[in-house]
Amino acid sequence: MTELLSGSDLCLFRGDRCLFTALEFALNTGELLVIEGPNGSGKTSFLRGIAGLLEFETGTVRWSSKRVTDDYQGFRADIVWLSHKVGCKADLNLLENLRFESGLRATDEARLQAVLERLSLSRLTELPLRSLSAGQQRRVALARLLLARARIWMMDEPFTNLDKAGHSLVEELISEHLADGGGCIVASHQALNVDGSTRRVSLQ
Amino acid sequence: MTELLSGSDLCLFRGDRCLFTALEFALNTGELLVIEGPNGSGKTSFLRGIAGLLEFETGTVRWSSKRVTDDYQGFRADIVWLSHKVGCKADLNLLENLRFESGLRATDEARLQAVLERLSLSRLTELPLRSLSAGQQRRVALARLLLARARIWMMDEPFTNLDKAGHSLVEELISEHLADGGGCIVASHQALNVDGSTRRVSLQ
Amino acid sequence: MWTFFHKLASPPHFYDLAAKFIPWFGVIGAACVAYGAIAGLFYAPADYQQGDAFRIIYVHVPSAYLSMMAYMIMAVSAAIGLIWRIKLSHAVAAAAAPLGAWFTFLALMTGSIWGRPMWGTWWEWGDPRLTSELLMLFLYFGYMALRAAIDDTTKADKASAVLALVGAVNIPIIHFSVEWWSSLHQGATLVREGGPAIETGMLYPLLAMIFGFTFIFGALLLGRVRTEVLFRERRANWVRKLVLPEGDHA
Amino acid sequence: MNQPTLNMPSLSSGFLSVVRRDVLLAWKRPGDVLNPLFFFAMVSTLFPLAVGPSSEELAFSGPGVVWVAALLAALLSLNSLFMSDFEDGSLDQLILSPQPLPMTALAKALAHWLITGLPLVLVSPLVAITFQMPAQTISVMMVTLTFGTVSLSLLGSIGAALTVGLHRGTALLSLLILPLAMPILIFGARTVSLAAADDAVSAGVYFLAAYCMLTLTLAPFATAAALRISNE
Amino acid sequence: MNQPTLNMPSLSSGFLSVVRRDVLLAWKRPGDVLNPLFFFAMVSTLFPLAVGPSSEELAFSGPGVVWVAALLAALLSLNSLFMSDFEDGSLDQLILSPQPLPMTALAKALAHWLITGLPLVLVSPLVAITFQMPAQTISVMMVTLTFGTVSLSLLGSIGAALTVGLHRGTALLSLLILPLAMPILIFGARTVSLAAADDAVSAGVYFLAAYCMLTLTLAPFATAAALRISNE
Ligand code: HEM
Ligand SMILES: Nc1ncnc2c1ncn2[C@@H]1O[C@H](COP(=O)(O)OP(=O)(O)OP(=O)(O)O)[C@@H](O)[C@H]1O
Ligand SMILES: Nc1ncnc2c1ncn2[C@@H]1O[C@H](COP(=O)(O)OP(=O)(O)OP(=O)(O)O)[C@@H](O)[C@H]1O
Ligand SMILES: [Mg+2]
Ligand SMILES: [Mg+2]
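Keeping their order, the protein sequence lines are chains A, B, C, D and E. First residue of the first sequence? That's 1 in our numbering, and the numbers climb one at a time after it. First residue of the second sequence? That's 205 in our numbering, and the numbers climb one at a time after it. First residue of the third sequence? That's 409 in our numbering, and the numbers climb one at a time after it. First residue of the fourth sequence? That's 659 in our numbering, and the numbers climb one at a time after it. First residue of the fifth sequence? That's 891 in our numbering, and the numbers climb one at a time after it.
The set of hints was computed from the structure by calculation and includes no laboratory data. No experiment lies behind these values; they were computed from the predicted model shown. Treat each hint with caution, since some may be false.
To be verified - Derived BS3-like pairs: lysine-lysine, alpha-carbon spacing no greater than 30 Å straight-line: (1) C/Lys495 with D/Lys686; (2) A/Lys164 with B/Lys289; (3) C/Lys649 with C/Lys563; (4) A/Lys85 with D/Lys686; (5) E/Lys918 with A/Lys85; (6) D/Lys686 with B/Lys289; (7) C/Lys415 with C/Lys563; (8) A/Lys85 with B/Lys289; (9) B/Lys289 with E/Lys918; (10) A/Lys85 with C/Lys563; (11) B/Lys368 with A/Lys85; (12) C/Lys415 with C/Lys649; (13) B/Lys368 with B/Lys270; (14) C/Lys649 with C/Lys428; (15) C/Lys495 with C/Lys649; (16) C/Lys495 with C/Lys415; (17) A/Lys66 with C/Lys428; (18) C/Lys563 with B/Lys289; (19) A/Lys164 with A/Lys85; (20) C/Lys563 with D/Lys686.
Unchecked claim - Label pairs and their calculated CB-CB ranges: (21) A/Ser8 with E/Arg910: 52 to 58 Å; (22) E/Ala1100 with C/Pro506: 49 to 55 Å; (23) A/Arg130 with E/Ala1100: 40 to 46 Å; (24) E/Arg910 with A/Asp71: 43 to 49 Å; (25) B/Asp384 with D/Pro760: 30 to 36 Å; (26) C/Ala438 with B/Glu313: 50 to 56 Å; (27) A/Asp71 with B/Asp312: 37 to 43 Å; (28) A/Leu127 with E/Arg910: 52 to 58 Å; (29) D/Pro760 with B/Arg218: 27 to 33 Å.
Don't be surprised by glycine CBs; every beta carbon is placed ideally from N, CA and C.
Construct the complete structure from the given sequences, taking the supplied hints into account.
Here's what the structure looks like:
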């Protein structure tokens, strides 16, 4: 069990407000880190900060014992980000979108097909994404996670718009990923039932 | 207990696909209508159809025993719509947004203040909406429901992005609205705990 | 050396230091301008071609020169802010832009007022000097519009800094590219090989005006940066101490 | 429970709410007002630059250039007329509000004119001066520009409603609007040229006024219909 | 578990993916390609209409008008360069992909040129003919337009990156870009005019080529920096 990611002395401002100060966190391989807190407590901002999309006021995030800022490109190859938004083109169909992802991440066609099977999306490959329902679009976003082969999954409210089957699918995927030696950071208001050790960070 | 809304023989197509045919529903005062179904089964489309934003292939929706199309303006004054999207201007602050709603719906300032109290939004009135977190924005959308004084609430996944406090707040609001003689149509994947009789429509 | 800069970049220190400099700059500037104005308007000989119309030179040239100077200050402080993350220098850039725009505007106005008797037209399209000055005004406007469009100060700082730098790369290009077109405008008069091509009776007031304008610009800039700093640090303790009456800052 | 009719706002209150909101939004981001103005100024400076400076030339093509610049500035700002409403879900709310949709459409077009057209009319004399336009021509230009920009805002609202949600940027919209806007441009520029030549201008002004009235009565209904369709 | 380095794509594969995706998107909605073209055609017909048809006039102002029309068409299409990526969350994904961001920015600008600039260059002879431009002038015009549109796409990507997410439409973007684009316009139009007068054109062409090279090397970095900032 090695350390994947850790942060120390983190402090974040949004506008005038200080969301948190002196926050610490650590994530090891095979672990799940759950970020909790009521609405507006800063979960999304925290995740964006770790990913380098926002700047922390103070503090450093370490990845494989380097500072993230020292090898940001390497770090980016090792994380994959599931946000509120789907992050795919509404005018392209499923296959075209995922092929594009493969190009960015250097994965192959066989893996793509396997992922489609796994998420039971194979039936929807022809429709442009904008015609899919809210929940179907979320599943496409999940496909990116599986495609990317990154060790660190960062998920912001992964259960949004998913039905019960989708909910347990996500839990299953996370469990498998942890068993496989990956790590996962999740911000969610809903309970997670996952095999693997869980850490928590609470914001308020 | 009078009938608020009913539909008969409804059939809806999206693209090539028939989402449902010969669907019936009815909603009386004090009742909750829950629309269930897995992702992509057509819940959102169904709601939009009832509101008149989409056209049904066949069938009619009746409101106070008139066809909705016969008095569409009157119908619009009697419904209020909570969708996936917040439907407020991100550059205006909370108060400016809700004052605009009041202008459209002819409600007064006192009611507005009461609503803000009720949703514990009073603290956030100065920030432009875009600076609010996902969950805070959903609460603003809820404020519209209370402001509108419409009898029929149509809600598409009202629990999205809300924390536990927000979740129970929504249930409370619905219960009160039903007790007050209103009706409510909700599409949601999460369980609802509401005082009042509940009907269900299942799509698949 | 490094600690000096570090200290200078600390907002409260800068705030105090600027307060000490402003009156000096203001007094020197006013004195130079007073001398330049009196000497230029009353004592300098009238131009043998232009008569008294030439006297507008005493406003035109200083403002034209400051319009470029202000851009350089803005671009350099934007670069410093972007590279070393010094917030103070973003404040300097933000404060310099409107001043620069004003001086550009002044140069355009006076130039075009001057152009009326000289060239018989308020404005001449396609003259390189005129056009590049106008483009510079647009660059300032773009900078300020971008700033105004972004609510978040830190984000506005960074985004506008990128724009200022891109614009800085382009200023020489704008300048030289429009030189392609033949110019009505005066060539270099002051700074050129073989010394200034202008009579000393006209020259000294002009130099005084240039110095005077520069010092006044300095005073205005420092003043604006002070307000900017005060606004940006409105949550900091030192500002509270400064603003709230004694014993009232919990 | 409340009577549904209680919710029905007076026509004017709903209308004014929409206008007030849009103007307030423009106030919050003054760029919306200033940018078309700068664009107007820029386009009118581009032409002389590109075509080459010769002042008789300029005086001759002045009215045309000012009008084209005004038309383009108006076109560019039209794209955002309903777009942000569509994207943040306000459009659903506007359509479902008890306010008649054509009234709302009219209010949106009026607000658009207040934000972009009016400032443009007010600033046009400045540009005209750089083209050495004489004073009486300038007043004719302002009158024709007023009618013209009102018509453009109204026509544009139809185009904006048809293209909202297509994410095509301004190009498709311009394509739809230009044929309808062409008479305004031709008459506007022509009338100003006539004024510059000290000729009679009333025919042109009447035409523009009539065109303005026509769009004022028809455009709101077309816009409302287009909005319902685009928002499906 | 997989090594992180496994995920690192080759530079060219990532670059090509982005270009291919954007061109594919344009293919799915051909309006993106066609609209700027129609716009180009319309603006170049508007001017003669507004200014009045007199054929020496036209031949004289032809190069200027063609260049202004090209510039405006390019400006108009720029607004959407990063906007849809920002709105659907793809921009987060692009920034967080292991691909160096300046490469991605370059790929986006190249795709933009392929979609809007190249068709414009190819169609420009048609417009030129309506202005009675002789054949050897047309070839000069096409060469200068090529360099010019490439530079515009690259410069424009900076502006688009700076304004993405501000919802200000094209106006702010134009304000930022026009001063930078002005030298291109002046040189482009000027060189074509010189060609029409049978004068030497190489200086102008060299300038445009040099400007193009400069933007090609610097713009991707500025765009990448701007994207990171705008996406905060
Ligand atoms: C709108 C019209 C004008 C504009 C925008 C304009 C702009 C400028 C600018 C930008 C400079 C500074 C150049 C530099 O330091 O490199 C300048 C300097 C100068 N201008 Fe003008 N100008 C205008 C009209 C005139 C007129 C009509 C005259 C008189 C004939 C004039 C005489 C001068 C002189 C003598 C200098 C100092 C040149 C030197 O020492 O380098 N300008 N002007
Ligand atoms: N424009 C369209 N063209 C073709 N099919 C469409 C279109 N819009 C929606 N659909 C299809 O209609 C179905 C219903 O979509 P809808 O959004 O109503 O589902 P939903 O029940 O709300 O799902 P979710 O729970 O995921 O939100 C989906 O399968 C979707 O693929
Ligand atoms: N640009 C901004 N300016 C000012 N405040 C902001 C800005 N962006 C976010 N905030 C504030 O930061 C806080 C944290 O927002 P964030 O989106 O991170 O919350 P969250 O924990 O993800 O909430 P939710 O559960 O509702 O998604 C909120 O209170 C919000 O009002
Ligand atoms: Mg969140
Ligand atoms: Mg749905």
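Hints versus structure:
1. C/Lys495 with D/Lys686: Between C/Lys495 and D/Lys686 the Cα gap is close to 26 Å, so the pair holds against 30 Å.
2. A/Lys164 with B/Lys289: Since the Cα atoms of A/Lys164 and B/Lys289 sit roughly 22 Å apart, the hinted pair holds (cutoff 30 Å).
3. C/Lys649 with C/Lys563: holds, 27 Å
4. A/Lys85 with D/Lys686: holds, 27 Å
5. E/Lys918 with A/Lys85: Given pair E/Lys918, A/Lys85 holds - Cα atoms ~22 Å apart, limit 30 Å.
6. D/Lys686 with B/Lys289: holds, 22 Å
7. C/Lys415 with C/Lys563: OK: C/Lys415 and C/Lys563 at ~24 Å, within 30 Å.
8. A/Lys85 with B/Lys289: OK: A/Lys85 and B/Lys289 at ~12 Å, within 30 Å.
9. B/Lys289 with E/Lys918: holds, 26 Å
10. A/Lys85 with C/Lys563: Cα-Cα ~22 Å, so holds.
11. B/Lys368 with A/Lys85: This hinted pair holds, its Cα atoms lying about 22 Å apart.
12. C/Lys415 with C/Lys649: It holds: about 20 Å lies between the C-alpha atoms, which stays within 30 Å.
13. B/Lys368 with B/Lys270: Distance of about 39 Å is beyond 30 Å: violated.
14. C/Lys649 with C/Lys428: Holds, at roughly 19 Å.
15. C/Lys495 with C/Lys649: Given that 30 Å is the threshold and the Cα spacing comes to 21 Å, the pair holds.
16. C/Lys495 with C/Lys415: holds, 13 Å
17. A/Lys66 with C/Lys428: Roughly 45 Å separates the two Cα atoms, so the pair is violated.
18. C/Lys563 with B/Lys289: holds, 26 Å
19. A/Lys164 with A/Lys85: Within the cut-off at roughly 20 Å; holds.
20. C/Lys563 with D/Lys686: It holds: about 18 Å lies between the C-alpha atoms, which stays within 30 Å.
21. A/Ser8 with E/Arg910: 52 to 58 Å: violated, 42 Å
22. E/Ala1100 with C/Pro506: 49 to 55 Å: Roughly 33 Å apart at Cβ, these two residues miss the hinted range, so it is violated.
23. A/Arg130 with E/Ala1100: 40 to 46 Å: With a Cβ separation near 43 Å, A/Arg130 and E/Ala1100 satisfy 40 to 46 Å, so the hint holds.
24. E/Arg910 with A/Asp71: 43 to 49 Å: Once the Cβ atoms are compared, 28 Å apart, the range 43 to 49 Å for A/Asp71 and E/Arg910 is violated.
25. B/Asp384 with D/Pro760: 30 to 36 Å: Once the Cβ atoms are compared, 33 Å apart, the range 30 to 36 Å for D/Pro760 and B/Asp384 holds.
26. C/Ala438 with B/Glu313: 50 to 56 Å: At roughly 53 Å between Cβ atoms, B/Glu313 and C/Ala438 fall inside 50 to 56 Å, so the hint holds.
27. A/Asp71 with B/Asp312: 37 to 43 Å: violated, 59 Å
28. A/Leu127 with E/Arg910: 52 to 58 Å: violated, 20 Å
29. D/Pro760 with B/Arg218: 27 to 33 Å: Holds, since D/Pro760 and B/Arg218 (Cβ atoms, about 28 Å apart) stay within the stated range.
Comparing the model with each numbered hint stated earlier shows that hints 13, 17, 21, 22, 24, 27 and 28 do not hold.
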